[in-house]
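Residue numbers (my numbering), protein chains in the order written: chain S, 3 to 117; chain W, 48 to 159.
It cannot be assumed that every hint is accurate.
[Stated by the list, open to error] Keeping only pairs whose Cα atoms sit at most 20 Å apart, straight-line, the calculated EDC-like set for lysine to aspartate or glutamate is:
1) S/K43 x W/D129
2) W/K50 x S/E61
3) S/K66 x S/E89
4) W/K50 x W/E61
5) W/K99 x S/E104
Please keep in mind that the hints were generated in silico from the structure rather than gathered at the bench.
Note that the structure is predicted; figures quoted are calculated from it, not measured.
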Amino acid sequence: GAVVSQHPSRVICKSGTSVKIECRSLDFQATTMFWYRQFPKQSLMLMATSNEGSKATYEQGVEKDKFLINHASLTLSTLTVTSAHPEDSSFYICSASRGAGETQYFGPGTRLLVL
Amino acid sequence: LAKTTQPISMDSYEGQEVNITCSHNNIATNDYITWYQQFPSQGPRFIIQGYKTKVTNEVASLFIPADRKSSTLSLPRVSLSDTAVYYCLVAPIAGNNRKLIWGLGTSLAVNP
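Based on the provided sequences and hints, a complete structural model is requested.
Given below as structure tokens:
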């Protein structure tokens, strides 16, 4: 149990376009989902936390209008990178937990390359 | 949130037992200790979680002394496929935003 999927696994887009990444908990209901970004040879950086049915809580320095997060159901959260720029190129990873304080289970990640 | 300190890298050989120690001197009473494994270009994979004493599952053991200021992840008989980065995280088990603060982890290289 505790399987989390992400789609797409990798995406290449042109600068200025928007990209949507989906995160799904396949075999459990995820009250809370997290979105992380990881640059090469660096650690994971938390971008935002989302609870089902409510607005996401963004970490300091993360633009909420640029990184739109929707957590409309207990099994799906989406991250939309709007007006992407080359500096947004990174590895985006989501995690999901059954509830407050529960263990986080991670998706396989999405590699974004903005040209 | 408690800060953790781990060795940056470790080397081992196939078949050996590997112990990775993590320091978390300011761990709080309601903090749990969780270890994750990450391969390149993949999301972290949950390994084990504990609060005190010893926890064992099918892949690893976690040893936590009484003062809980450190913890040791033990991987028995490692193989080449255990080459990865291992992260130690400390966070409260309760709360609406159970943030995990990630350090650089320990890069384990298993040699033939």
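Given the hinted pair W/K50 and W/E61, is their Cα-Cα distance within 20 Å?
Distance of about 31 Å is beyond 20 Å: violated.
For S/K43 and W/D129, compute the direct alpha-carbon distance and say whether it is at most 20 Å.
18 Å, holds
Sort out whether S/E89 lies within 20 Å of S/K66, counting only the CA atoms.
Holds - the C-alpha atoms of S/E89 and S/K66 are around 16 Å apart, at most 20 Å.
Quick one, are W/K50 and S/E61 close enough, alpha carbons at most 20 Å?
Judged against 20 Å, a Cα distance of about 18 Å means the pair holds.
So if I understand the rule, the pair passes when the alpha-carbon distance is 20 Å or less; does W/K99 with S/E104 pass?
Roughly 17 Å between the alpha carbons, so the hint for W/K99 and S/E104 holds.
This entry does not satisfy hint 4, going by the numbered hints stated previously; all others are met.
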